[in-house]
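Student: When you get a sec, could you build the whole thing from the sequences and use the hints?
Chain by chain, the residues run as shown.
2 protein chains.
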Amino acid sequence: MKGEFEFIESIRSMFPAPEGVEGIGDDCAIIPQQEGWETLVSTDMLVEGSHFLMDDITPYQLGWKAAASNFSDIAAMGGAPVGSFLALALPHDLPVGWEEEFLKGYRDISEEYGFPLLGGDTTSSKDRVCICVTVLGKTPSGRSVRRSGAKDGDLVCVTGFLGDSAAGLAAILHGYERDEDVKYLIDKHYLPHPRVREGQALAAWPGVHSMMDISDGIGSDLHHIMEESQVGARVDLSEIPLSKQLRSFCSRYGLDPYEFAAAGGEDYELLFTIDPEAEPDLELPHTVIGTITDGPELEWDGSEKDYMGFRHF
Amino acid sequence: MKGEFEFIESIRSMFPAPEGVEGIGDDCAIIPQQEGWETLVSTDMLVEGSHFLMDDITPYQLGWKAAASNFSDIAAMGGAPVGSFLALALPHDLPVGWEEEFLKGYRDISEEYGFPLLGGDTTSSKDRVCICVTVLGKTPSGRSVRRSGAKDGDLVCVTGFLGDSAAGLAAILHGYERDEDVKYLIDKHYLPHPRVREGQALAAWPGVHSMMDISDGIGSDLHHIMEESQVGARVDLSEIPLSKQLRSFCSRYGLDPYEFAAAGGEDYELLFTIDPEAEPDLELPHTVIGTITDGPELEWDGSEKDYMGFRHF
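Taken in sequence, the protein lines are chains A and B. If you're matching positions, the first sequence starts at 1 in the working numbering and goes up one per residue. If you're matching positions, the second sequence starts at 1 in the working numbering and goes up one per residue.
In case anyone wonders, no lab produced these hints; they're calculated from the structure. Glycine included, each C-beta is placed from N, C-alpha and C at the ideal position. Do not take every clue at face value.
Anything over 10 Å on all C-beta distances counts as not near chain B; from chain A, calculated [said to hold, decoys possible]:
{"id": "1", "residue": "Met-14"}
{"id": "2", "residue": "Phe-85"}
{"id": "3", "residue": "Trp-98"}
{"id": "4", "residue": "Asp-121"}
{"id": "5", "residue": "Lys-151"}
{"id": "6", "residue": "Arg-234"}
{"id": "7", "residue": "Glu-283"}
Taking lysine-lysine pairs in the DSSO-like style, the calculated list, with each CA pair at most 30 Å apart, reads [stated by the list, open to error]:
{"id": "8", "chain 1": "B", "residue 1": "Lys-183", "chain 2": "A", "residue 2": "Lys-126"}
{"id": "9", "chain 1": "A", "residue 1": "Lys-126", "chain 2": "B", "residue 2": "Lys-126"}
{"id": "10", "chain 1": "A", "residue 1": "Lys-183", "chain 2": "A", "residue 2": "Lys-104"}
{"id": "11", "chain 1": "B", "residue 1": "Lys-104", "chain 2": "A", "residue 2": "Lys-126"}
{"id": "12", "chain 1": "B", "residue 1": "Lys-126", "chain 2": "A", "residue 2": "Lys-104"}
{"id": "13", "chain 1": "B", "residue 1": "Lys-104", "chain 2": "B", "residue 2": "Lys-126"}
{"id": "14", "chain 1": "B", "residue 1": "Lys-126", "chain 2": "A", "residue 2": "Lys-183"}
Tutor: Have a look at this one:
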């Protein structure tokens, strides 16, 4: 493993700061402020053994995924990218080249989404990798989309397909044969694509009332919108968008696809509620899966089950 | 241990967001931007077993210290407080009340320095506490003090006394009797007071050329200023300010106080270089310990030893 300062220098050369911003190299990064804008900030921690297993995930995938879940938080409020900060605690006995592969994954997603790495911390850990990413975004003042704006009668919508990531995780944990469907699902689990551009488009569209990203499954995440907005919701299970790969995987192994789609985490799709009268004008691809009610319950049409999402404790 | 959402709610009620800022509760915090200002950001990770031992430090002290090292990074550039973000990975078998005491320490220093907690992440860890704090500050545009501004002929200055924290750590690790001197040194180690107000005062004073905080010992930290500024330095060991408690402790146990003062970490004092002609006008209490040279070496007057600071790897 490289020495601390050599390691920091190699990161610094991999991640040049954009014009006008001071990135890696001083006690703090320096980012200009701009009248009429707001800064968005979110932070997430990933610990080996709790959030990932070193035998399952490659360092490249881990670097990608650590950033993805954070970029998704900026997407969830409709933010544009500003930059990210990466804190890493690494054991001394990592395989040769592990850090470089991790940083490549982190760099590739950062470049794809336009989030420059502006700083961080590198330190040692006795025996487990620990990663903390803090991400900064921005929106014009008052234009970020909160969890708290849902109104009785709103349509509940999502982007993309749900459940692929959770099914990919199940396939990994149970050692299912890696056919084309399973490879697709595992890719969705390890290399998720957060909806940063879609979040910005939604925030610029006047019909959206509330939004968040789907990290713990809609069964859990929708409760956050309900609580913050003081509303209820009814979700029609049969309307939840499922990929053909998820359907085919579930039918082969006799599994309930809605268990993955409603209660499975880490899709990093957007969950949002919109004015029903404006819905025909929404050009962004989306699926209506239910409606906001005057609450307080979350009802599932088409199921006896109560699909709860993932809990961290 | 409380459930995740209950725990977040208890944190939310302990840390109300200031007027005009959205803190805990949504996907991101929202902080207004202001023309003519720059945002400063820094992040630090602390891992049980590498940075602290649970048997030695109380949860209150740990909460205080985790914030202190970050606030010190804002101080190091002359920033005013904006807020902090706290990511915590906690094992399930923590002693009853551990989190509450940790949060009290974190809250007390946050209130003392005026950094509101604006967000974070709480998650589980198999067996070790892991803490990542990200801190935001601000300075008027172009007024933050970098490591890169030191000039040949500058006076090298520090605030406060050096070495107390490292001597406190040594006293803990070697189990020295906790007399008044040792208690003072241990307090300096566990409950450090970063120089946020002093950093702001220095940044507003035109004679300061470069600045950083002392986290790894001046033997290591001064190298950062030298590298970023492309200069050398000469430090007069006998000018390094030592507390009477450190002197008395070292004389009792036959230890070299300069080993602690020059090579010991976590003082969280400020290290800065200033225009020698302006020095008489600097009202802030400080000690001149050396001069910047045209480099590239760090020379120690009054010693044969090469005092190197702490390295993280």
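Student: Would A:Asp-121 pass as off the interface with chain B, using Cβ distances and a cut of 10 Å?
Tutor: 5 Å, violated
Student: Holds or violated: B:Lys-126 with A:Lys-104, Cα cutoff 30 Å?
Tutor: 27 Å, holds
Student: Beyond 10 Å from every Cβ of chain B: is that where the Cβ of A:Trp-98 lies?
Tutor: Consistent with the label, A:Trp-98 stays out of reach of chain B, its closest Cβ about 14 Å off (over 10 Å).
Student: Does the alpha-carbon distance linking A:Lys-126 and B:Lys-126 stay inside the 30 Å limit?
Tutor: Holds. A:Lys-126 to B:Lys-126 sits at ~13 Å (cutoff 30 Å).
Student: Hey, B:Lys-104 versus B:Lys-126, does the alpha-carbon distance stay inside 30 Å?
Tutor: Cα-Cα ~24 Å, so holds.
Student: Taking 10 Å as the cut and beta carbons as the points, is A:Lys-151 off the interface with chain B?
Tutor: 17 Å, holds
Student: Taking 30 Å as the top limit, are the C-alpha atoms of B:Lys-183 and A:Lys-126 close enough?
Tutor: 29 Å, holds
Student: Mind verifying the non-interface call on A:Arg-234? Its CB should be farther than 10 Å from each CB in chain B.
Tutor: 22 Å, holds
Student: If you draw a straight line from the CA of A:Lys-183 to the CA of A:Lys-104, is it 30 Å or shorter?
Tutor: 21 Å, holds
Student: A:Glu-283: least C-beta distance to chain B exceeds 10 Å?
Tutor: Given that every Cβ of chain B is farther than 10 Å from that of A:Glu-283, nearest at about 23 Å, it holds.
Student: Can we confirm that no CB of chain B comes within 10 Å of the CB of A:Phe-85?
Tutor: 4 Å, violated
Student: Regarding the pair B:Lys-126 and A:Lys-183, is the alpha-carbon distance no greater than 30 Å?
Tutor: 29 Å, holds
Of the numbered hints listed earlier, those contradicted by the structure are 2, 4.
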